[in-house]
Amino acid sequence: MPKDNVLETSADTQRAVEQFLYSQAEILDERRWADWLGLFTDDGKYWMPADPEQTTGERLPNIFYEDVYLMDMRIRRVKHPYAHSQMAGHRTSHTVSNVIIQSEDEASGGVVCTSRFHMVEYRLDDQRYFGGKYTHTLKKNEDGYNIQLQRVDIANVEGPFDFVMQVWL
Amino acid sequence: MPKDQNLDLGSLVEPDRVHKACYADEEIFEQELKNIFHKSWIYIGHESQVPNPGDYWTTWVGKERMIICRAEDGQVHVLYNRCPHRGALICNNLHGNSGNKKSFRCPYHAWQFAMDGSLRNLPMKEGYDGIIDLKDPQLQMKPAERQGNYRGFIFASLSEDGPDLETWLGGGKVAFDDICNRSPEGEAEIVANCFRIVQHSNWKIFLENQLDAVHPSITHHSTGDAAADMQKVYKKKTGEDAPMGYQFLADFTLPFEKWDSLDTIGHPNGHTVLEGYMGLRPTDAVTQAHEKVLTDAYGEDRMNEILDTKVHHVLVYPCLSVQPPLQQLRAVRPLAANKTLTEIWHFRLKGAPEGIYDRSLAYYYHVNAPSTMVNADDLNNFRACQDGLRLEGGGDWVSLHRNVGQDPVKDGVTTSVTGMSEQPMRNMFAAWKKYMTNEGSA
Numbered sequence: 001m002p003k004d005n006v007l008e009t010s011a012d013t014q015r016a017v018e019q020f021l022y023s024q025a026e027i028l029d030e031r032r033w034a035d036w037l038g039l040f041t042d043d044g045k046y047w048m049p050a051d052p053e054q055t056t057g058e059r060l061p062n063i064f065y066e067d068v069y070l071m072d073m074r075i076r077r078v079k080h081p082y083a084h085s086q087m088a089g090h091r092t093s094h095t096v097s098n099v100i101i102q103s104e105d106e107a108s109g110g111v112v113c114t115s116r117f118h119m120v121e122y123r124l125d126d127q128r129y130f131g132g133k134y135t136h137t138l139k140k141n142e143d144g145y146n147i148q149l150q151r152v153d154i155a156n157v158e159g160p161f162d163f164v165m166q167v168w169l
Numbered sequence: 170m171p172k173d174q175n176l177d178l179g180s181l182v183e184p185d186r187v188h189k190a191c192y193a194d195e196e197i198f199e200q201e202l203k204n205i206f207h208k209s210w211i212y213i214g215h216e217s218q219v220p221n222p223g224d225y226w227t228t229w230v231g232k233e234r235m236i237i238c239r240a241e242d243g244q245v246h247v248l249y250n251r252c253p254h255r256g257a258l259i260c261n262n263l264h265g266n267s268g269n270k271k272s273f274r275c276p277y278h279a280w281q282f283a284m285d286g287s288l289r290n291l292p293m294k295e296g297y298d299g300i301i302d303l304k305d306p307q308l309q310m311k312p313a314e315r316q317g318n319y320r321g322f323i324f325a326s327l328s329e330d331g332p333d334l335e336t337w338l339g340g341g342k343v344a345f346d347d348i349c350n351r352s353p354e355g356e357a358e359i360v361a362n363c364f365r366i367v368q369h370s371n372w373k374i375f376l377e378n379q380l381d382a383v384h385p386s387i388t389h390h391s392t393g394d395a396a397a398d399m400q401k402v403y404k405k406k407t408g409e410d411a412p413m414g415y416q417f418l419a420d421f422t423l424p425f426e427k428w429d430s431l432d433t434i435g436h437p438n439g440h441t442v443l444e445g446y447m448g449l450r451p452t453d454a455v456t457q458a459h460e461k462v463l464t465d466a467y468g469e470d471r472m473n474e475i476l477d478t479k480v481h482h483v484l485v486y487p488c489l490s491v492q493p494p495l496q497q498l499r500a501v502r503p504l505a506a507n508k509t510l511t512e513i514w515h516f517r518l519k520g521a522p523e524g525i526y527d528r529s530l531a532y533y534y535h536v537n538a539p540s541t542m543v544n545a546d547d548l549n550n551f552r553a554c555q556d557g558l559r560l561e562g563g564g565d566w567v568s569l570h571r572n573v574g575q576d577p578v579k580d581g582v583t584t585s586v587t588g589m590s591e592q593p594m595r596n597m598f599a600a601w602k603k604y605m606t607n608e609g610s611a
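Keeping their order, the protein sequence lines are chains A and B.
Here our numbering is used: position 39 in the first sequence is 39, and no number is missing along the way.
To get our numbering, take the position in the second sequence, counting from 1, and add 169.
Keep in mind the hints are simulated off the structure, nothing from the lab.
Note that the coordinates shown come from a computational prediction; the quantities given were computed from them, not determined experimentally.
Treat each hint with caution, since some may be false.
As the list claims (entries may be wrong) - EDC-like cross-link-like pairs, simulated, lysine to aspartate or glutamate; straight-line CA separation at most 20 Å: (1) Lys406(B) with Asp43(A); (2) Lys405(B) with Asp42(A); (3) Lys45(A) with Glu26(A); (4) Lys342(B) with Glu183(B); (5) Lys602(B) with Glu183(B); (6) Lys508(B) with Asp126(A); (7) Lys404(B) with Asp43(A); (8) Lys203(B) with Asp330(B); (9) Lys139(A) with Asp105(A); (10) Lys405(B) with Asp72(A); (11) Lys405(B) with Asp67(A); (12) Lys404(B) with Asp67(A); (13) Lys140(A) with Asp43(A); (14) Lys508(B) with Asp42(A); (15) Lys508(B) with Asp162(A); (16) Lys342(B) with Asp580(B); (17) Lys401(B) with Asp72(A); (18) Lys45(A) with Asp153(A); (19) Lys342(B) with Glu444(B); (20) Lys603(B) with Asp580(B); (21) Lys404(B) with Glu26(A); (22) Lys508(B) with Glu26(A); (23) Lys401(B) with Asp43(A); (24) Lys406(B) with Asp42(A); (25) Lys304(B) with Asp285(B); (26) Lys404(B) with Asp72(A); (27) Lys79(A) with Asp580(B).
Claimed, not checked - To spell it out: a stretch of chain A is covered by chain B in this simulated footprint if at least three of its residues, at any positions, have a beta carbon under 8 Å from a beta carbon of chain B; those stretches are: (28) 43-51; (29) 147-160.
Ideal Cβ placement from N, Cα and C applies to all residues, glycine included.
Work out the full structure, taking the sequences as your base and the hints as a guide.
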């Protein structure tokens, strides 16, 4: 990797960011939905572009583009007793790696970081695989970080998709 | 032939029930491709999908893989995606541009073709001297047998004979008229994004579900409830009404009486319309701006006529589900008896206010994106139907009895007696039977 792509950050910051990314994946896999929503800032967004070249989610087709209200709705739907397609049991397992801090704001402590993930999803006697790149814009808070933007670029962005994605990757 | 040798194709469809083999039998599926998809008109794409010379998209007609492209003279062509030399697929990407030379170049031996499919060049031509003329039809990329354009929507037919596109569309034309008329320029422009979703079910199950007014408040109960809850939460937290997308979703759990009050119209050739309205003419600033540009273009009476068109959903049989008031289009590409690809698009209305596009985009996101909370439950039902229909035991027939014999018919067009009548399914199967028993289109 070219030297100029490596940002000098403290081992503590690197470790704190990595722990945060691992824990957001763990929260998703454990379906701790209230905790998931709590990770985001009030203006936080979860975004999966429909095109890898996209620089904004506004006024463009996206695979996911959700503020905290839409995320709240998705949680209510998944937990609803009549969410038929959730009844058969639905499990995911994430692995997060390759965590690189791309930029750090010294004054606020906020960071932009990229990482790679693999995710397997089990439903209806079948397992499917997703992989891709996370780009997180994180804001520092007293205990750690909040997500202002979680951008998810999946490898198979063009599809075709078997069924749909019911929860966040 | 169906597994039960006592059944011929015509006897699989009765007025009030159909045999499960229509959905599950692979041999019947092969005959459907031959008798329906290779004989009727199939939607290929919109002319604005290939705005520049050299642009192309690839898609399917039945089992055939096709290219839609634009030539240097501006003409749009539909070609078989096959090199006449050794048979390789010429375009192996979903879409692209054929480059500076505006030529398709076969990746195998570099045969080059103009965008109308004619052979332009190839390496080491002299090997053909005195053997075959390079203009021989068998050395050209083959165009679809017939091509048609209705208001910018391009169709192809792989059959030399049959009714012209407009005659064949008949009552199904409203799908495209109701999109285009809502533009002050009378034209739609496709948004160059195709969501592709594979359904683990027969293609007919998808079409039938679109006009099944009984299912929404049951299948989409969870999503409708969650959306209605969030409308309240949003209002409480922000003091403002939730964005329109929540209403689209909450509408899925309208009470049965509301769905029952809608009409479905069965046209010849299986084209079927769900009339009704989802609150798309509110009195907000966006709607008023839309009214203004339409009035300027067409006058007030015509503007009212256009915006009061009560079409919620149109099925152009066998290949399309269209929701004109929200400019949504889903093309149906059958892959196997139990597997169907849907290609999902949405449109801008040329000259309409940006806020009208926002509605289209919101519906595209909530209902049609690969993260949709709506079709998540539909796809699960389709899969469950397919898994049940392939069982040997447990019964042979699918019931389409609801309100059979009660729907009034006039001049070959059926109007449902209630919105919940299974008229749409019966209308599509009437067309199915005609195609499959070689009686042709109506």
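Tested hints:
no., hint, result
1, Lys406(B) with Asp43(A), "holds, 13 Å"
2, Lys405(B) with Asp42(A), "holds, 15 Å"
3, Lys45(A) with Glu26(A), "holds, 19 Å"
4, Lys342(B) with Glu183(B), "violated, 28 Å"
5, Lys602(B) with Glu183(B), "holds, 9 Å"
6, Lys508(B) with Asp126(A), "holds, 16 Å"
7, Lys404(B) with Asp43(A), "holds, 16 Å"
8, Lys203(B) with Asp330(B), "holds, 14 Å"
9, Lys139(A) with Asp105(A), "holds, 9 Å"
10, Lys405(B) with Asp72(A), "holds, 14 Å"
11, Lys405(B) with Asp67(A), "holds, 16 Å"
12, Lys404(B) with Asp67(A), "holds, 15 Å"
13, Lys140(A) with Asp43(A), "holds, 14 Å"
14, Lys508(B) with Asp42(A), "violated, 42 Å"
15, Lys508(B) with Asp162(A), "holds, 10 Å"
16, Lys342(B) with Asp580(B), "holds, 17 Å"
17, Lys401(B) with Asp72(A), "holds, 12 Å"
18, Lys45(A) with Asp153(A), "holds, 14 Å"
19, Lys342(B) with Glu444(B), "holds, 14 Å"
20, Lys603(B) with Asp580(B), "holds, 18 Å"
21, Lys404(B) with Glu26(A), "violated, 32 Å"
22, Lys508(B) with Glu26(A), "violated, 34 Å"
23, Lys401(B) with Asp43(A), "holds, 19 Å"
24, Lys406(B) with Asp42(A), "holds, 11 Å"
25, Lys304(B) with Asp285(B), "holds, 13 Å"
26, Lys404(B) with Asp72(A), "holds, 14 Å"
27, Lys79(A) with Asp580(B), "violated, 49 Å"
28, 43-51, "holds (count 3)"
29, 147-160, "holds (count 3)"
The structure fails hints 4, 14, 21, 22, 27 (numbered hints given earlier, in ascending order).
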